[in-house]
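K.L.:
For the protein sequence lines, the chains are D and E, in the order given.
Residue numbers for the first sequence follow numbering that gives the first Met the number 0, so the first one is 0 and each next one is one higher.
Residue numbers for the second sequence follow numbering that gives the first Met the number 0, so the first one is 0 and each next one is one higher.
The set of hints was computed from the structure by calculation and includes no laboratory data.
It should be emphasised that the depicted structure is a prediction, and the values quoted were computed from it without experimental measurement.
One or more of the hints may lead you astray.
Listed below are the simulated DSBU-like cross-link pairs for lysine-lysine, each with C-alpha atoms no more than 30 Å apart in a straight line [what the hints assert, rightly or not]:
hint, chain 1, residue 1, chain 2, residue 2
1, E, K58, D, K311
2, E, K54, D, K325
3, D, K325, E, K268
4, D, K342, D, K38
5, E, K149, E, K58
6, E, K149, E, K55
7, D, K252, D, K342
8, D, K325, E, K55
9, E, K58, D, K325
10, D, K325, D, K340
11, E, K55, E, K91
12, D, K311, E, K54
13, D, K340, D, K240
14, E, K268, E, K55
15, E, K54, E, K149
16, D, K38, D, K407
17, E, K91, E, K149
18, D, K64, D, K76
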Amino acid sequence: MGIFEYAPAPESRDIANLKPNYRPFLGGEFVDGNGEPLKTINPATEEVLAEVGTASVSDVDVAVKAARKAYNNVWSKMPGSERAKYLFRIARLIQERSRELAVLESLDNGKPIKESRDSDVPTAAAHFFYHAGWADKLDYAGLGPNPRPLGVAGQIIPWNFPLLMLAWKIAPALATGNTVVLKPAETTPLTALVFAEICQQAELPPGVVNILPGAGDIGQSIVEHGDVDKIAFTGSTDVGKLIQRQVAGTAKKLTLELGGKAANVVFDDAPLDQAVEGIVNGIFFNQGHVCCAGSRLLVQESVAEEVMEKLKYRVSTLRLGDPLDKNTDIGAINSAEQLSKIKGLVESGDTEGAHRWTSPCPVPERGFFFAPTVFSDVQQSMRIAREEIFGPVLSVLTFRTPDEAVTKANNTPYGLSAGIWTEKGSRILWMANQLRAGVVWANTFNRFDPAAPFGGYQESGFGREGGRTGLEAYLNV
Amino acid sequence: MTATTATSATSATPTPLADATRDEASLRRFLHGLPGVDQVGVEQRAAGLGTRSIKKAAKLWAIDTAISMVDLTTLEGADTHGKVRALTAKAKRPDPERPDTPKVAAVCVYPDLVATAVETLAGTGINVASVATGFPAGRTSREIKLADVKIAVDAGADEVDMVIDRGAFLEGRYGQVFEEIQAIKAACGDAHLKVILETGELATYDNVRRASWLALLAGGDFIKTSTGKVSPAATLPVTHVMLQAVRDWRDTTGDLRGVKPAGGIRTTKDAIKYLVAVHEVAGEEWLSPHLFRFGASSLLNDLLLQRRTQADGHYSGPDYVTVD
């Protein structure tokens, strides 16, 4: 940028209290896992952050046994009001250690510190607070009299919101009286293991929460384990399908939060400046690593040109770079693998004839970065309009009438979220009823609240997390 | 840096917008056809930009830029010639011990005190601005408003800050407001016209956007948030909406107009938030006293103190800058 050069304002990485080694958390203790240790790297610099011990298949069995014992002997017997105290304690500890968690999350994941600090960590704490409130009120949740916990929950979470997804999974499970075996993603295990320290600090009974870092095989053995009563998975659609096949025919309950290709629909009477903000927030938040990202912009033809102009200007002001810099808007892509996937899909956009525009922002030489990119002239038949890119890449399509907008928005195998931008209230309600998506935002995007259920249609999975509905996924009702 | 405004707005409406001002009905259709402003969205964006971390060289640059954009203002019933002389002295040498401190852009006084300000500021490059048009309520006849402007301009004011007729605006008589701004622009002669929208009384962001466009269509060189006599005065989200308006105006006409938040901006921290908004919402073209001003009286001292803190490495306290 030009005359107003912001000085770098990096958060100190010392706040993360990074340790050279991390170990699995099993039965209330950090133990040596029997798996091959993995190295977790900082995607912004490609340097190794720490070595993380992983679990082996045999450790999964030990963890499930520990969780079962804790469930039978302590947790399921405990009155809800007592469980609530632990959850409140965890929530407060997350707040107390919020800076440490935020910096660690940005180091391990690559997301900008302002997002981990202002969004991920506070929302994670909010989920524990919210569910703590439910723990002693489950009889009044409208899910039938005396709902009972399921037992041991196996939970597998992705790398895009490591701590937040953990909170989405663990908070409702514990509030409803279940115990947990959780596998964080291979590339982002660190905040989950600091969360394990928080469980110790909160004096959570041993075995209630077990955290096993590892790769897909560990996830698979959690899914296959005979003594697990419930599987909750957030991640890719392919893996979700695999899990569903494995669980089929067993008594296990299952919820899946999978991919998305959300439509963000802008009508010609929309508040355009805020719509542009919503488009930016919808696709460039967390580098686009958001399953409910508004990755397909559907804009009414009569304002398409104007929206594109405003959008390009706005996107060119986004600052890409060091995730720990408080002025950074877009951080690093989480892994080399993900970066090459994004590049592949972007190339397909070029080949299939879409028009690519990339922000002129400077891109760091080291680390995995991808400049914000907007494709115009995108047609419904192109790969970039159909496949989830999971990166800072927006596909722009146009429509002429509200009916066409609905048809195009719903013309996807996914259905996690959608956005509507119009000043007309009746149209918002009409559209929201037509759109097949779990969440429909009106004149905003990517807003999360523990009280609002979140989940998908079709290939975006099933089951809901958050809110009263989210409790049902962890209860026998 | 001298602080004259860049190009004077022409009184004729630019061609792409000629139809908008053909008659009262067209004007209404045009203003009501502008995209709405979503309150939640604009406030979220303003809050988000407010978290930019500006320090070291960037902060020093921002402080000096902000000083050079200040319209140092006294608008009290108790204003005297002595008070104005004190203020103009401060405008010339904001920090007497640090001669490298930039001068402010202008000194803003009531019309009857313009002559004093002009006399003491002669040859300094600092403009004299005057609030004319029955400031701050503006509830007087067109003749009196024009006479008020004449007093200021005849006494040598370089800039006139007018208030719009909020009553007429809220009643939807846009044509009346438009004509009045045009008439006052004509009466200003070479002086630059800042149009005060008094956004606190317009109540909604949609109204702020409409009033901004109305003022730009009528030939205002600057759009200004407030008189400083109504609460809320300048706010960040309102300034965002006005910055979008001048940016859209530039995109439509190619013509550059200014924005002036006034009232309630007291700290360096706040001023820097406004500069970040100017930078990222309108664009860096606007980071100049030609196109952006702060209407303020107490802001300058905080800027000076923070400037010293940056240079000395410690905070010196209010006794180290002059009271006025």
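K.L.:
Going straight from one Cα to the other, do K325 of chain D and K268 of chain E come out at no more than 30 Å?
P.N.:
Within the cut-off at roughly 16 Å; holds.
K.L.:
So if I understand the rule, the pair passes when the alpha-carbon distance is 30 Å or less; does K340 of chain D with K240 of chain D pass?
P.N.:
Holds. K340 of chain D to K240 of chain D sits at ~20 Å (cutoff 30 Å).
K.L.:
Sort out whether K54 of chain E lies within 30 Å of K311 of chain D, counting only the CA atoms.
P.N.:
28 Å, holds
K.L.:
Check whether the Cα positions of K55 of chain E and K91 of chain E lie no farther apart than 30 Å.
P.N.:
26 Å, holds
K.L.:
Quickly compare the C-alpha distance for K268 of chain E and K55 of chain E to 30 Å and report which way the hint goes.
P.N.:
At roughly 13 Å apart (the allowed maximum being 30 Å), K55 of chain E and K268 of chain E satisfy the hint.
K.L.:
Decide if the proposed pair is consistent with the structure: K58 of chain E and K325 of chain D, CA atoms, cutoff 30 Å inclusive.
P.N.:
Roughly 15 Å between the alpha carbons, so the hint for K58 of chain E and K325 of chain D holds.
K.L.:
Verify the proposed pairing of K38 of chain D with K407 of chain D, using a straight-line Cα cut of 30 Å.
P.N.:
Given that 30 Å is the threshold and the Cα spacing comes to 43 Å, the pair is violated.
K.L.:
Just to be careful, I want the Cα atoms of K325 of chain D and K340 of chain D compared with a cutoff of 30 Å; is the pair within it?
P.N.:
28 Å, holds
K.L.:
Quick one, are K54 of chain E and K149 of chain E close enough, alpha carbons at most 30 Å?
P.N.:
45 Å, violated
K.L.:
Is it true that the CA of K252 of chain D sits at most 30 Å from the CA of K342 of chain D?
P.N.:
Cα-Cα ~37 Å, so violated.
K.L.:
Hey, K149 of chain E versus K58 of chain E, does the alpha-carbon distance stay inside 30 Å?
P.N.:
40 Å, violated
K.L.:
Between K54 of chain E and K325 of chain D, does the CA-CA distance stay at or below 30 Å?
P.N.:
11 Å, holds
Against the hints set out earlier in the document, violations occur for numbers 5, 6, 7, 15 and 16.
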